[in-house]
Each structure stands twice: as structure tokens, then as C-alpha cells.
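For the protein sequence lines, the chains are R and V, in the order given. Okay, so the first sequence: first residue is 1288 according to the numbering used here, each after it adds one. Okay, so the second sequence: first residue is 194 according to the numbering used here, each after it adds one.
Treat the hints as calculated values from the structure; they're not laboratory data. No false leads were mixed into what you were given.
Label-pair restraints from in silico Cβ distances: (1) R/Val1297 - V/Gln203: 26 to 34 Å; (2) V/Arg327 - R/Leu1312: 50 to 58 Å; (3) R/Ala1311 - V/Asp333: 38 to 46 Å.
Which chain R residues stay away from chain V? Per the calculated CB distances, all over 10 Å, these: (4) Ser1303; (5) Gly1304; (6) Trp1305.
A virtual CB, placed ideally from N, CA and C, is assigned to each residue, including glycine.
Here is what each chain is made of, one letter per residue.
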Amino acid sequence: MRAAIKQWLVPPSDISGWTFYLRALWIVVQLIAAYCLANQVSPFFYQRF
Amino acid sequence: MVGNVIQLNQLAFWLACGAGVGMTAVLGGAMQRKWCLAALNLGFLVALLRVQALGVLAGILLARLVLHLLDRGRSPGLIVGLTSSVMLSLFVLHKLPHTADDLGLTPVGRVLSLIGYSYVALRMVEVFRAVFERRHHAPDLPSTINYLLPFHMLAAGPIQAYDDYVKQSSVYREPTTSDVLAGMERIANGLFKKFVLAYLLQKMFLTDFQAPGAYRFLEVQVFFLWLFLDFSAYSDIAVGVGTLIGVVTPENFNRPLGARNVIDFWERWHMSLSLFIRRNLFNPLQLLLMRRDGGRRPLLCAAVALAISFVLCGLWHGLTLGFLIWGVAQATGLITVRIYGQFLQKRLGKAGLKTYLANPSIRLAACLLTFEFQAVTLLALFMRT
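Start from the sequences and build out the full structure, keeping to the hints where you can.
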């Protein structure tokens, strides 16, 4: 499992290193923003169905 | 878990995702994966429902038995009749919680809400139909669990076609680094849409339609945008989690705000529901009507099939007058677009219609009109009766 996770952290051959880490950074930024507001949100409208 | 819905800011969901990813990284064999995934889906239900999960497990075992009997061809008419009655009764209990309370079945109503019974029922229709029509054999126990109760699709779908499920479960591809990146991006996008963008829209503009006068017109536009962000966020997360755990999860949205008419809209919004309606309601109904009519009035047959399908679609969303009106409005919109399309083709000819459709101003006007139609029809859901 550790090997698989290590492999996921290395840019694949079809994506440049810059793009890979920039996309990873954007993921982290979005996750932090969502985490900060996660407890403010009321239940989802569509879940009533 | 508290309340009657799965919430994405609760730990059990993310623990299940983590366990699923770990399982994907460790397990190789298809059979091993199938059983582990079933254990994970059941484990999530136990975290969600505690002891009441036993009731769901009993329901799954019963469904498995009935599917097995159907597969063997034992009294198919009786089985389909009985199963439909039970499913419909559960659906009414789910949609009308006060009925469950009146009958002393409050816990049943709560369990049905938590597992998202509306979606489970549609998956059951898919698998029962596939076995009844002899397209597939009855699934084994882990496949029944994995198809009917996938933990990442419980909150808000999508509704996977059983044919697709059978195809995908026979081929498993370990996620590559690109898949993991794409999956993480979908999850992060979904969380950002739901907890940041949709939240800010709600906080700044939405009043639950309490504001008076002209503001209601602005609010309904924003509400439609909010609904898109919120709902598509769940689908993004489901698709992302599915990518990480190696379970192909159907897409549910394809830029629906750019739809140029109501038919186009339903091909882009809640696509898995639209495809379900097409497969299981519209196509069989249209075929039946065409046969009865001898193919003389195809437009009328399509219109009647559309009307019935979308009225039922409205009632699937909720057994209220508001949803009935919403369903009728959608059906009216769809039929109008069909008739207008035929009228345009007759008037302009094929080449003329192509030029007309390519005109950017007409496209913009059509998109705006579709947006307004969808936004305004949502008002029916907030009618006070």
C-alpha cells in the first residue's frame, strides 16, 4: 500500500511536473477552503428525495 | 450520524472512502475486491444506522432471494406483482414521513431516508427488469449489495444502469497516478462547490423565498444556480470517490446551464435519471403506444409518453402538488420543444434549420429562455398548499 501511495505522489509521464504539482496545490487549497466552511452548511436540497 | 440524510462533513463517509482507497491499493483479485467492497458498503451502513442496518441487510437478502427465484422462472408474474407492491409501499412511506409516523413505522421511514431509498428503488427496478427480461442472471450476494447500496452513491446518486454495472464489474483496472489525480480533483471541486460556492450564494442571496415582491424573481435565478452547484457537487464527489476506489461511477451533469432547450437540458442535467426514464419509461411507453396506434401519429405517441414519464418523474421527486405541477411543466416544455422542432424543420427545411441553429444570437436567446424556464418552474416546489 505504501508503494502505491508513493507512486501516486510522483508525476506520471503524460503530465509535466509543474502541472502535476500545481494541480495538487489547487486540490489542497480547495480542500482547506471547504474544510473551513464545512460546518456552516445546511443539508443538501436534493437529499430530501 | 445525526438527522435523516448522509452529510459530507461527517467522518464515517470519509473513513469509508479511505478504507476503499486502501482496499484498492492492496487487493488484486476481482472476487476478493467484490467481497471487500460489499463489506465496506455494509460497514458504512452499520456506521450510519447502527442496529437498524440489520433491517437493510434483511431487505437485501430478501431481494437476492426474489431475484434468484425470478432467474429460475418461478411464477414471474406473481413475483413482479408482489415486489412492485412492496417497493411502492416503501416509496410512499419514504416520501410521506407522516404516514410512517401514523402507522408507527417512524424507524422504517428514517432508515429509508438515510439509505436514499428513492435511488435504491430505481436501482432495484433496473436489476429486476434485467433479470425478468433474461438479459442477465440474478447477481450474487456481494454484487447485489454493491449494486443496490454503493456507499458513495447513496447520498444523491447517480443511478447506474445495471447493464453498465455488469460490464464494469467484470473488468477492473487499477487506478493510475493520473486517475488518482483526476479523482482527487473531482472530490476537491465537489467539496469547494458545495461548501464554498453554494454556501456563499445561499448566505448572500437566498431567503427561502420569504423576501417580498420583485426580489423573488432574482432569488429564483440564484436558487437554480445554487441547486446546480450543490447537486453537481455531490455527483463530482461520487465520481471522484468511484475513480479512487476503482468503481466506475456514471457522470450526472454535462454543463446543463448551457442547454438550448428543455430536451437538451434533460440530456445534461441529472443525466443518470434522464437515461433511467428513457430506458424504463419513455421508450417502452412510446413503443407500446406506437404499436397500438399502428405508427400513424408518432408525434402524439411521443407526447403522451413524455407526459406520463415526466409526471411520474415529478412524483418520484416528491408526492406533493408542487412536484406534480413541476412534472407537468417539464412535460409541457418537452412536448413544446418537440412540436416546435418539427414546425421549424417543415418551415425552414434541413439546411435552413442548420443555419438557424448555428446562429449565435438565437443560441444565446434559447439558452437564456431554457435557464428561465427551469428556474421559474422550480417555484412550484415552494408553493404553500
